[in-house]
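Below, each chain spelled out in residue letters.
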Amino acid sequence: MNEEKLQKVEELLRAERGVELPADFKLKVMAQVRSLPAPELIAPRRSWRDWVYTLKLLSSGEKVAGGLIIAGVLALLIPGVADVLALWEWELADLTLSVGIGETVASASLLSVVAVCAAGLFMTGVGAYAAKHNLIRA
Amino acid sequence: MRTRSITLGGNAKSVERRMDELTLCRRIAGGESHLFGEIIDSYTNLAAGAIASQGVDRADIEDLTQEALINVYKGIAGFRGDSKLSSWIYRIALNVARGHLKKLARRPGQDSVEQAMESGRQPVDPQAASEASTVRNRSLAQALAKLPDKQRIAVSLYYFEELSYEEIAEAMEMNLNTVRTQIRRGKLALAELLDHEALGG
Numbered sequence: 001m002n003e004e005k006l007q008k009v010e011e012l013l014r015a016e017r018g019v020e021l022p023a024d025f026k027l028k029v030m031a032q033v034r035s036l037p038a039p040e041l042i043a044p045r046r047s048w049r050d051w052v053y054t055l056k057l058l059s060s061g062e063k064v065a066g067g068l069i070i071a072g073v074l075a076l077l078i079p080g081v082a083d084v085l086a087l088w089e090w091e092l093a094d095l096t097l098s099v100g101i102g103e104t105v106a107s108a109s110l111l112s113v114v115a116v117c118a119a120g121l122f123m124t125g126v127g128a129y130a131a132k133h134n135l136i137r138a
Numbered sequence: 001m002r003t004r005s006i007t008l009g010g011n012a013k014s015v016e017r018r019m020d021e022l023t024l025c026r027r028i029a030g031g032e033s034h035l036f037g038e039i040i041d042s043y044t045n046l047a048a049g050a051i052a053s054q055g056v057d058r059a060d061i062e063d064l065t066q067e068a069l070i071n072v073y074k075g076i077a078g079f080r081g082d083s084k085l086s087s088w089i090y091r092i093a094l095n096v097a098r099g100h101l102k103k104l105a106r107r108p109g110q111d112s113v114e115q116a117m118e119s120g121r122q123p124v125d126p127q128a129a130s131e132a133s134t135v136r137n138r139s140l141a142q143a144l145a146k147l148p149d150k151q152r153i154a155v156s157l158y159y160f161e162e163l164s165y166e167e168i169a170e171a172m173e174m175n176l177n178t179v180r181t182q183i184r185r186g187k188l189a190l191a192e193l194l195d196h197e198a199l200g201g
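These protein sequence lines map, in sequence, to chains A and B. Note that the first sequence covers residues 1 to 138 in my numbering. Note that the second sequence covers residues 1 to 201 in my numbering.
Hints in this document: simulated from the structure, not taken from any laboratory. A hint or two may mislead.
What the hints assert, rightly or not - In silico EDC-like links for lysine to aspartate or glutamate, alpha-carbon gap of 20 Å or less:
no., chain 1, residue 1, chain 2, residue 2
1, A, K26, B, D41
2, A, K26, B, E166
3, B, K146, B, D82
4, B, K150, B, E166
5, A, K5, B, E192
As the list claims (entries may be wrong) - Facing chain B, a subset of chain A residues (Cβ under 10 Å, in silico):
no., residue
6, K26
7, V29
8, L36
9, K63
10, V64
11, L68
12, V84
13, V114
Every residue gets a Cβ at the ideal spot worked out from N, C-alpha and C, and that includes glycine.
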């Protein structure tokens with residue numbers, strides 16, 4: 001490569017100027033920022049990464065319990081799944097899923113889980129509403 | 001408006017600086033919104049440069065930079081200091097620019113640069129790239145648009161936004177030598193792409 005040509009490229013690049021923003025750019029951004037609630041009160045957007053992060057936080061026992069609950073919900077919703085579960089000696093009765101693993105039986109009450117989830121969703125909704133309408137100040 | 005960020009050297013200073021960044025972010029997240037001015041002073045050039053390097057139209061850069069900074073403010077409570085603040089802001093700015101280009105590409109009658117940016121981040125139509133570019137020299141804009149993404153961003157931030165190698169390395173999460181290499185390769189590619197006339201020969 002010709003060094004002279006490279007030098008000319010360098011000069012050409014240096015002759016260009018960066019993005020010129022207006023002098024009141026900062027004021028405009030700050031005006032918008034002041035109209036927003038404190039960032040801690042802005043509900044974060046959920047994404048798949050949040051789910052992965054949450055899953056990483058859960059212990060093995062909690063993951064097993066979660067799996068049982070999902071299996072139970074599927075058993076309730078999809079006809080025939082209960083029969084398949086029964087083949088493995090898994091039983092769904094009184095909204096409680098009982099799973100036999102060797103000598104041990106694990107069970108999860110779907111009703112209590114649904115109640116906890118509903119309460120959690122309600123609290124999240126209240127928090128999001130309060131943050132959006134600037135009802136809480138840090 | 002030319003704003004500069006402070007660059008410190010060495011691991012100890014880097015840790016100290018990261019702690020300061022985290023403290024600043026936590027205070028802003030807690031409601032001290034006036035401190036966000038420090039973020040604007042330090043990182044506006046980086047955000048605007050990252051957006052401009054994606055081939056965004058000159059007229060849209062101010063709005064998109066503003067949008068990126070507002071996104072930074074909204075998401076600052078979620079910044080945990082896992083990466084450097086500049087790197088986090090740089091990624092937000094790139095996402096805003098790419099989201100904008102995707103939106104344009106979905107509109108009928110829009111093509112070339114936007115679609116290219118969306119798929120391979122290399123505009124296939126240099127003519128269209130130069131029309132959207134912030135670079136005044138048409139031949140240079142066309143040649144820049146043909147560079148690989150990392151080379152184009154590194155060259156743009158170094159020459160047009162006057163960021164240091166250290167600042168670019170932090171933002172792009174590369175080591176210093178890689179930044180130097182990307183810029184040198186970018187210049188070599190530009191020298192190949194630009195004809196004799198464009199170089200004023």
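Each hint, compared with the structure:
no. : hint               : verdict
1   : A:K26 with B:D41   : holds (8 Å)
2   : A:K26 with B:E166  : violated (25 Å)
3   : B:K146 with B:D82  : violated (33 Å)
4   : B:K150 with B:E166 : holds (15 Å)
5   : A:K5 with B:E192   : holds (9 Å)
6   : K26                : holds (5 Å)
7   : V29                : holds (5 Å)
8   : L36                : holds (7 Å)
9   : K63                : violated (23 Å)
10  : V64                : violated (28 Å)
11  : L68                : violated (31 Å)
12  : V84                : violated (41 Å)
13  : V114               : violated (29 Å)
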